[in-house]
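*Asks:* Chains as they are written, first to last, in my numbering: chain R, 1 to 333; chain Y, 1 to 333; chain A, 1 to 333; chain V, 1 to 333.
Source of the hints: derived by calculation from the structure; they are not laboratory data. Some clues are possibly wrong.
What the hints assert, rightly or not - Capping the alpha-carbon separation at 30 Å, the derived lysine-lysine pairs in DSSO-like fashion look like this:
hint, chain 1, residue 1, chain 2, residue 2
1, Y, Lys321, Y, Lys299
2, Y, Lys286, V, Lys286
3, R, Lys246, Y, Lys286
4, V, Lys330, A, Lys246
5, Y, Lys84, Y, Lys49
6, Y, Lys286, V, Lys204
7, Y, Lys204, A, Lys246
8, A, Lys204, Y, Lys135
9, V, Lys204, V, Lys44
These numbers were taken from a predicted model, which means no experiment stands behind them.
Protein chains: 4
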Amino acid sequence: MLNIALIGVGRIGKMHARNIVDHPQCNLTYVYDIKEDFSSEVAKFSNAKIAKSPEEAINDNVVDAVFIASATNTHVDYIILAAKAGKAVFCEKPIDLDIEKVNYCYKQIKVLNVPIQIGFNRRFDYSHRKLKLSKDNGEIGNLEMIVITSRDPAPPNIDYLKISGGFFRDCTIHDFDLSRFFLGNDPIVAISAYGSQLVSDEIKSINDHDTAMFILRSQKGVLCHINNSRRAVYGYDQRVEIFGSKGMLISTNQTPSSVEKYNASGTNIKEPIYNFFIERYDQAYKNQLNDFVNTVIDKQQPSVTFEDGRKALIIANAAYKAFETGTSTKVIL
Amino acid sequence: MLNIALIGVGRIGKMHARNIVDHPQCNLTYVYDIKEDFSSEVAKFSNAKIAKSPEEAINDNVVDAVFIASATNTHVDYIILAAKAGKAVFCEKPIDLDIEKVNYCYKQIKVLNVPIQIGFNRRFDYSHRKLKLSKDNGEIGNLEMIVITSRDPAPPNIDYLKISGGFFRDCTIHDFDLSRFFLGNDPIVAISAYGSQLVSDEIKSINDHDTAMFILRSQKGVLCHINNSRRAVYGYDQRVEIFGSKGMLISTNQTPSSVEKYNASGTNIKEPIYNFFIERYDQAYKNQLNDFVNTVIDKQQPSVTFEDGRKALIIANAAYKAFETGTSTKVIL
Amino acid sequence: MLNIALIGVGRIGKMHARNIVDHPQCNLTYVYDIKEDFSSEVAKFSNAKIAKSPEEAINDNVVDAVFIASATNTHVDYIILAAKAGKAVFCEKPIDLDIEKVNYCYKQIKVLNVPIQIGFNRRFDYSHRKLKLSKDNGEIGNLEMIVITSRDPAPPNIDYLKISGGFFRDCTIHDFDLSRFFLGNDPIVAISAYGSQLVSDEIKSINDHDTAMFILRSQKGVLCHINNSRRAVYGYDQRVEIFGSKGMLISTNQTPSSVEKYNASGTNIKEPIYNFFIERYDQAYKNQLNDFVNTVIDKQQPSVTFEDGRKALIIANAAYKAFETGTSTKVIL
Amino acid sequence: MLNIALIGVGRIGKMHARNIVDHPQCNLTYVYDIKEDFSSEVAKFSNAKIAKSPEEAINDNVVDAVFIASATNTHVDYIILAAKAGKAVFCEKPIDLDIEKVNYCYKQIKVLNVPIQIGFNRRFDYSHRKLKLSKDNGEIGNLEMIVITSRDPAPPNIDYLKISGGFFRDCTIHDFDLSRFFLGNDPIVAISAYGSQLVSDEIKSINDHDTAMFILRSQKGVLCHINNSRRAVYGYDQRVEIFGSKGMLISTNQTPSSVEKYNASGTNIKEPIYNFFIERYDQAYKNQLNDFVNTVIDKQQPSVTFEDGRKALIIANAAYKAFETGTSTKVIL
């Protein structure tokens, strides 16, 4: 059994709480949030104690692992706190919006040598993962192109947008990581980035983007395209296509049911796809937790490392530089 | 070149006229219809002479083949006339609604030994045909089940309905023939039939059916299901499924475009399927003509014979008996 | 909380055990099986006591509900036992293979008035259920046809086959119930049945069927087709199509992933569909349990009643009579 | 009737010849090719005279229109010749590989004011066109993103590659034009380009690309992605996706049949898609001819103009500059 302290129980933290409670090898020992009513809500459906401070939860000897799902700018502090306490760490993406802080964090924790996993949940999606395994098994021959479509159903509120770190660091970071996942040991070396303001005046008012396209190039010459939007009226559009010398694999969108409708206005009509990440990646989040639990218990390396989190941020930063300078920008990982 | 006399140029005859005109090995030499304006319309887009009588067209020495697309109750007379004149014959389905007349016709023409092909166009559909070829190549192993869905977009007018011979002889006859096509040399031996009056009061008023289901059994025990309706609001529903020991093949519906629509109300939305037989089986009608032309020119046996037409009618008659008696009725082919 | 005694923990019983353990409002209090090692296996992943006899489990005052997943011929005894003990009952389908025993059971329990639900799990499948709800909301207008395709991936072993009650009572009974589910208060009045022996010599040797087709007719004239096979090499084929005056809805097959493969031999290639009922109806079994738990706790009527179980068996018996006599047989529900 | 002189009857010219012969309002009057056996082959299935020189064909008074399908570097000469003779012109893409020659051509012909249409056939594809019409009707709201996938089944031979003008000018030029088609009057203003050599050593040896990705930006901020390959083992991959504020439309790939295969290795298996442009765009080429014929006869403006051909080349040139400089390059149309 793994005793877990969970820090931060907003929308995503609450989902983690439920998964931890349901996992046969986990106890949710502590829950902490700066909003006490958030903690109380989780305490209702679990046996977790409500911690008065993150320290209380993290430093208790009974705790084996710390789950960090708090605001992004608190991640680094809690990672260091947990690592110093010798606890295994799971931290939501991104590690931080500031690469200097990420590098500082890395320096602090590397000697402590605790397992630390970053929350790139999409790597654990059954269909995306099947693409990766099939590619690794040679099913598409040599990888030549990757096309990732990733569009949110609707923009978040303006308060979140202001602290999000910008569209590329908040959203595309998932797709940068996914590109690295499929490329394996072939590093990304260059990137071009385009951003537009087409969806929302609010987003424009804070000078962020809501529509974006990217091309990444790997060392071996594999080309990767990513496109993002803050609003897709038909749901949370999540597609990955990998193309190679022997064929193509597509991980396409999913609908809650397998119902098809035929009427005077159309045929083959399916429901809107899953609305957002909680629904679409429900199983992926559970697989991710399970993977974390197993690697910690088996004392193996986490499958998504601190370095993966750091590299995704470096790519996002290079994307901003590419956008600002209008050049194909070198990525130094 | 094959010189063709075309008898009957209503909706389907006019389509045959266009196909004959476009075919590189055919001349449309004569056209005849009891409505002279129908003939005139065809003469406008072809070099065909308007015949004053069917005899004028059929008996002219220059004519090689006779295409019969007139009212069903005239088919037998024209077949006999053409056969006596030594002409190759193409005749629309059904040969006649009365099996006695069909048998009489057969007696009259068999010694004359002219090629005669019956218009079961669906056998020439590229997708249905691919199922047949794949089955013959062993792709699904032993055939065990056939499921045919065949639904018209909307009922014909009451005048046509009155002389149609009834739903089973007018519509299902195509599906009876298609079942025989897939079964090959394994004859149908029994049938059950259900008819309902759910679509139209007009159809009910003349005591015909508009909704029907059938099960046929072959000598080897293959089971075949057919379902029909006079009205499918989403278009002309034409599906065939064949199932066997090694897998299943489905010839599914077709839409004019390959466009898919995604919006707030649904995803994967395709257009309504092809509206009716002229559109859906456009290529099949051309393939059918081509097959007729080639077998006549090459002096080979027609691929769909008089006997095929006769057997489909025998099955339709057995279906009526099955419906009336509420029994699984023997089919003696 | 509902304290449950589970009788019978073979393949399906073990699945129920896991669902009960995972359900937040259930305790698995007792487990009983004639094979003690089966019980032990369940005890390992739950807190259930291993009962020495069904009576011990059923009669303990702490038990609120009895789950019956034992061999079919024991169902009636346990139902009566549980009902006499005043416990709510969930019983796997079929109630029994002998309608006399079912009727006897009914007489014994009706005055006891305990809630009893029969395990027609397919009614709880999200997609099938969506069809039912959409139909009830008028989305397809008047219901006119139902087409149910239900094919197992592979035949069970001969020992099971011998006591299965025959293909129609063992397999098709699910589809008979599903027809009734979609028809609502329009009763089935007639049935025709065809069975074949095409799949397995073993099945032939015990004179059972492995391939079957049915047509059912409702009082209002709705026609329903069912086709079954004991072997579909591409997986557990589970499709439902409902057709009406305003359109059609299809609940089509499901694959574990949303991956599509494109290579030199084909395009749009999906994985084989879910292999069998445990995988395909995983969510349906959980929904079924949840529905049972809620109706018992809320003291409401079960959604699938003893009478539903009895009627499905009456239809299966009528199907056998239809097959043996070669007639369209009246169904008296 | 339009009397047409056809210059150049290689693979694509021969296809044009057949379409012209079949068109009810066209005569194929002359055919010319530097290889006389090519002309002879066309003469066999048409009434066309074999011209001894392009001038003989172009200058004959009986000729109304000139179809140019000869080698790219001859296009400009024939356009000028035809324009001086006062003939309507249809010219295959690209006009020329050298923008200076194109500009020179334009200067020569503008005062002559003959109708001239450039062969961007994809604009006439029924499905792509449906996207354009639906977008213009507001079905997806404001256009925000375009994603074009365009991959050939296999590279051409090395002789062709050497004179092709490079991957971006030979292949992507179609997609540049298609982007402009969907953008309507919102001009492309910037482009980034990535090329790789992954498919063929032969292509590498002449320093051309076989794999490429592009991002284009319109004045209004619409983002457009194009990806290309010289080799897709599953056929000629032709997809267009347009995304906007109210939804998304996809013109997806097409297979010759509507057959789906289910077996132990996969489900929903379709045939490989159409192999190459002659098959995939068969109907588009006919629609294109028909459009040309109608606009010439009706004395209207061609739907795809010389200027469209010139602009596509300007974008291709900008793409090369973007690739070589590694910058997002301004497009001045």
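*Asks:* Run every hint past the structure and note whether it holds.
*Replies:* Hints and how they fare:
1. Straight-line distance between C-alpha atoms of Lys321/Y and Lys299/Y comes to about 39 Å, which puts the hinted pair past the 30 Å bound.
2. A hinted pair counts as satisfied when its Cα atoms are at most 30 Å apart, and Lys286/Y with Lys286/V qualifies at roughly 18 Å.
3. At most 30 Å may separate the alpha-carbon atoms for a hinted pair to count; Lys246/R and Lys286/Y exceed this at roughly 37 Å.
4. Distance check on the hinted pair: Lys330/V and Lys246/A sit about 53 Å apart at the alpha-carbon level, beyond 30 Å; violated.
5. Only pairs whose Cα atoms come within 30 Å are accepted, and Lys84/Y paired with Lys49/Y is accepted, the gap being roughly 22 Å.
6. Simply put, Lys286/Y and Lys204/V have alpha-carbon atoms about 46 Å apart, too far for the 30 Å limit, and the pair is violated.
7. Pair hint Lys204/Y plus Lys246/A holds up; C-alpha atoms about 19 Å apart against a cutoff of 30 Å.
8. The hinted pair formed by Lys204/A and Lys135/Y meets the criterion: a straight-line CA distance of about 25 Å does not exceed 30 Å.
9. Between Lys204/V and Lys44/V, the direct Cα distance comes to roughly 41 Å. Violation of the 30 Å bound is thereby established for this hinted pair.
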